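Build the complex: two chains, separate frames, hints provided.
Each chain is listed here by its residues.
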Amino acid sequence: MASDEITRRAVIVSAALVPVAALAQAPSPPAAPASALSDAQLRLLAAFVDRIIPKDELGPSASECDVPVYINRSLADYLAAEKTAFVEGLEAMDAFARRSQARAFIDLPPEKRDLVLTAMENGAAEGFPNARGFFNRARRLTMEGMFGDPYYGGNKNFAGWDLIRYPGPRLATTADDQKMGVDIKPYHHSAYPTGGGASGEGHGH
Amino acid sequence: MAINLKLVDVAVVGLGAAGGVAVLPLARAGLKVAGIEAGTWMDPSKDFKPDEIHNNVRSLVTTVPKAKNEIPTFRTSPDAKARQAPAHPMMNAVGGTSIHYHAQSWRLKPWDFRTKSETIKRYGASLLPKGSTLEDWPVSYEELEPFYDIVEHEVGVSGKAGNIQGKLDPVGNVYEGPRQREYPMPPLRTCDFLDHMHKAARSLGWKPFHAPAAINSQPYRGRAACAYHGYCDRGGCHVRAKNSTCFTTIPDAQKTKNLTVFDGAQVTRIVADNNGKVTGVTYIREGQEYFQPAKVVLVSSYTYENTRLLLLSKSKAYPNGLSNNHGQVGKHYFGHWDAQAGVGVTALFPMDVNTWYGAMLSQGVVVDEWADDTFDHSGLGFIGGASLCTFMEKHPIAGASLPTFGRAPAWGSAWKKFVHENANRFTGAYLQTNSFPYENTYLDLDPEVKDPLGDPVCRVTSGPKENETRAATYAQNKMEEWFRAAGAIEVIQGQPSGPALSTHTYGGTRMGDSPENNVVDRWGMSHEAPNLGMLGGSVFGTSGARNPTLTMQALAWRTADHLVKNWKGIAG
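Keeping their order, the protein sequence lines are chains F and S. Numbering follows the numbering used here, in which position 7 of the first sequence is assigned residue number 7; successive positions increment by one, without gaps. Numbering follows the numbering used here, in which position 197 of the second sequence is assigned residue number 197; successive positions increment by one, without gaps.
Each hint should be verified, as a subset may be incorrect.
Which bits of chain S does chain F cover? Going by a derived footprint, with three or more residues having C-beta under 8 Å, they are [what the hints assert, rightly or not]: (1) 50-57; (2) 225-237; (3) 400-410; (4) 419-428.
Pairs of lysine-lysine, DSS-like flavour, derived with a Cα cap of 25 Å [said to hold, decoys possible]: (5) Lys112/F / Lys417/S; (6) Lys55/F / Lys112/F; (7) Lys68/S / Lys83/F; (8) Lys417/S / Lys179/F.
Keep in mind the hints are simulated off the structure, nothing from the lab. On a predicted model such as this, the values are computed, not experimentally measured, just so you know. Backbone N, C-alpha and C define an ideal beta-carbon position, used for all residues, glycine too.
So that you can see chain S by itself, here it is in the shape it has in the complex (with noise of 0.2 Å):
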């Protein structure tokens, strides 16, 4: 028998990096917040180390048992078997995958919220992707300008802008849309190896400049500066210089008293009564169900969970799942054409490079020339792009095991030798390309696969897609055009082929005005239960050329905001 709790106004669905930000504007305005998180919080002393096996090779940090048990499966078609992966790549915890990420924190561009409308007044509707289900978002950049500006400051990030309302400083990134004013901190430290990156890009005439972080380039709001350590990558940060939720916005949230964190507790279904609103949640802990009652429920899983959830959440109202009397859920869902997805490049250099240590991506060098709608696009047979991304951190078992380039074997002596010279020479570069939703890929439940407790976990179909790899293989090359200006004696680019899982997803629960091909309205709100609210990339319905994290945390504020300027009427 569930165990059932005491009224709230507000019951989250996930502490990560979209959930642990909304939990903080609705606690300041005095509304009674349960934060229900299935992992536990971490000990920054304890859980995370400068260790590239606990870390990266036995992922100690990422892996925990609910996100192992629920691995989705994956298929490139619906005639294929999907089978489950090895890994998962989300994570349980308090802060979520906040805790582990790169923390690069970008603003979307204004052309990533209207690529179909700017796209057909430009090229015309004959260059939109092909297959593609993509919409404008019913957001402008403009729209949530003020929302990214306050999260940058919240939750602290470090960058130089490059567009001041209108006013561009080319030492910033001058593509970026107008912001009202200059980031909280300055970059990450600059280096060597970035200044040479630098140069190089400024040699062929592009604008580079350095990536905004999440992470304190200078102590910020009682919490370090980053030591530049070097086991960022799927590690959490031992000094808290990098902001994720749970060292900012979660405990800012909890010192108004108005949040409780449920830590250790999985979500099973979101409940709804006969006329279509949600009346809470179930979730279990330590073997015991409890039912938390809410007026409201914002969902802020991953990507995979949100439409694994809503669509286990059937009831009276929504024989097909929660929120899903139109089809939607699921549908939309794409996965980011980056690393995962076979899209990079790699350089050997004559010169030792010492990259070892730094901040990862977000101690970076990025040049904005090739993505989005930078370039002009005729005749290319493609839209979008990808930002290039050249980085700090490099670990000795990664290092050791570089390509050979065709100058070594594999193992022995002479292999010996090459990585003796060569392991300090090389470095890779990171391209996130613009990627878009197609009909031939979306999330359901698998017919088979189910978790420990019964439930199905979710299926992946992700199809080929042109436009991507065009695109991809177009900023492949300009990246090795870099690399080959920076002085690199060989270059290997990769092969785009689409990503499976990755920490980059998106859609499944879609933002657009039109309920007929989305699940939430602009303000993230259902468009079927008018107190159920979806969080996270889920909402999003394009990518973007970079990392979506900050978007989230803007959209995540702004539905926060909507709730609370419009309690009565949503929670009433």
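The shape of chain F in the complex, shown without the other chains (with noise of 0.2 Å):
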């Protein structure tokens, strides 16, 4: 049976839960991985998300996460006019590091990348034009790929929704799931047949 037949029916009857193994169709069928960024801007970004997104006792960090896969994809085809300018920022704070902290960024402990950071966030990281405007965007595209869809690429293992307690997107819920004060089950699905999760049918009108 088409997982659409199931989910109309399911919906129609205000079905609480109904476990399909895709709640939409694909847009397209899963494209080759395009990268947009080099394997040394990739490990540059990697040390960027995960200041932003640090491993703690709270999960894994934002890399662990595959978030750069997201932000490289995305620099790669939806974004790809930004690319140019990403790289640059991504440039410039590595310039921005070796200029006030001797050192490549990946190269400084933990405490001196955040420096860095705390610089371009504030705006006073010398000779680093738009270093604010650089940071924000370079955070708001981890945001995204932390807690958007896995389809995209990023929030491996559903662990950006995992620390939000985000329960994931679903097609139907009952008034339970709108409740105050409790926990709800965290369900492990992309949105997509092909971004996580319980893999079945998925494909095939």
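Written out as structure tokens, the structure reads:
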């Protein structure tokens, strides 16, 4: 049976939660992952996102959740127009680290990396025009990669959603899913067949 | 060369919230209608997804080429250079913005239609907003009521009446104008957080109620009930429970065989003869130009495009743009002072609120005590106020992007700890401020920026407004009071600064009895071109403190009804 059929019927009867393989059709067959950034740029990006979302007792770091994969893929397709500016920002960050901390960004210990980021965030990074703009943009993309649907490459193992206790997209919710002060059981599913979670028929209409 | 098509009775330009409703009474009356829509049909199973990146981050439901190519420019004073905004607030599709809207379906208040005279009567003319071009509407609430009633039933609206023929019911909104009967469906489901806010409002002596919505709270006319999945915002409904016109009035009109939908067809000009009557519209579809002759033309695109299309349609009879011989096209434009104007309040609670799922503002609890003229404005220095709405539906990226209320840094491990605890503990409130037209705010054509066809885009000039700033600030204080009564431990108020481009826009082809100050008459028909009608927010003279769509639809139905009843006189 097509998952769409299951979906429609389930929703009409307002069932609580229907274990369909996927909540939506994929917009297109999963494309071969494109890369916008070089290996060195990816390492630099991973070092950046891991200061925004570090590994700690609450869970994995941004790079462990493939946030750089999300950003890299986005810059290769949907955000292609932004790629040049983004790469310039990354390189300016590294140059600023070398000037202010006398080392490449990835060679700095965590607390020194944080000094670099703080200077950028405050607009106090000397010789780094638009440091705050780049910082905010890169942080925003980190958020998208960490908390967006895993279909886009990030949020590996739904760790982003678990961090903020978002139970995950579903097709229908009951009043119980809207109760206050209860822990809703996480539903580890992407909105797409290829986005992660339990696999099933998915395609085929 | 344009291909000439067969004459139709009515050409409707734009099949969105308003045009998509007007086609039904026209088609039912046996008129042959061409519905000309720049966008295309969307497929609920393919185009609408529970995916924040698709809907909200990348705006893939709402961003389509035509709108993207015609983004208006904006400036805050006539001395400034207008700049193009990054995104357009409207969309093109069969169903238009009724696909992705939040579907709150309000009637305006009787006061909204006669704000000027009521203000003078109660407070004296000195309280009228300075520099405003406010007029009473030529239509009263009472005249519009039957059409509100029709549209609520044809489109399908869930809600609870607060005033049926003068009999008040405090479960509904007791401040609404009298209605002839109950809504066709009960309100959307309530839930813990909404009950909590409801109780807090009552503890303040206020009268909260559930918002009316064009979303099915139960199966309605063969369409499913809302499943509360939580991706209503900027997305379409995957089960057609949101009553977008592409699922309701447009297919109903098609069933009569009197409506033909031309999708992917971008109207470029409305043509008029030397006597000042319109003769049809020119459109481009897949690179080919067509001329669609029509006895009557109804323009129902978006506020910006309604004005632009008239200004672009110059002719011998209308050298300054169609229906603009009095210089009123583009005047009396204004945007709503809502979230898009910096108005809003955010709160942090000490407990999980679980507002992830739901139906956005439509599954909301509203307070109307501080809107319109519900309270005494003596000595306050402004008229109007705002409706206060608390609601459900929060997406994960937005949820993780909550303000830190000064309790944590914006990144790093301490921030992680903060979002882990609090992403599920904050919520926003949606405030809509009564907004009015002013001399310093208007639309015209941009002198420099053009679309790919070489036509100038719309230019928005929007100056500061003291009245709305005060009203919004006053209402934000009330919202903070409400959140505090509900136990919020932190509250942040917005900074009301006025709207730039907005999804709630009004005027430009205002409705009024005098052709000196208005483009269309009390029926929505042009004062100058007798067989041209305008539909949508562009005819509004005030905004009300609530979403405009249902009022657009009631007015659209009324204009169509007027056409049908006076067909020979108007089309002949």
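**Study point:** Which numbered hints fail
**Key:** Those not satisfied: there are none.
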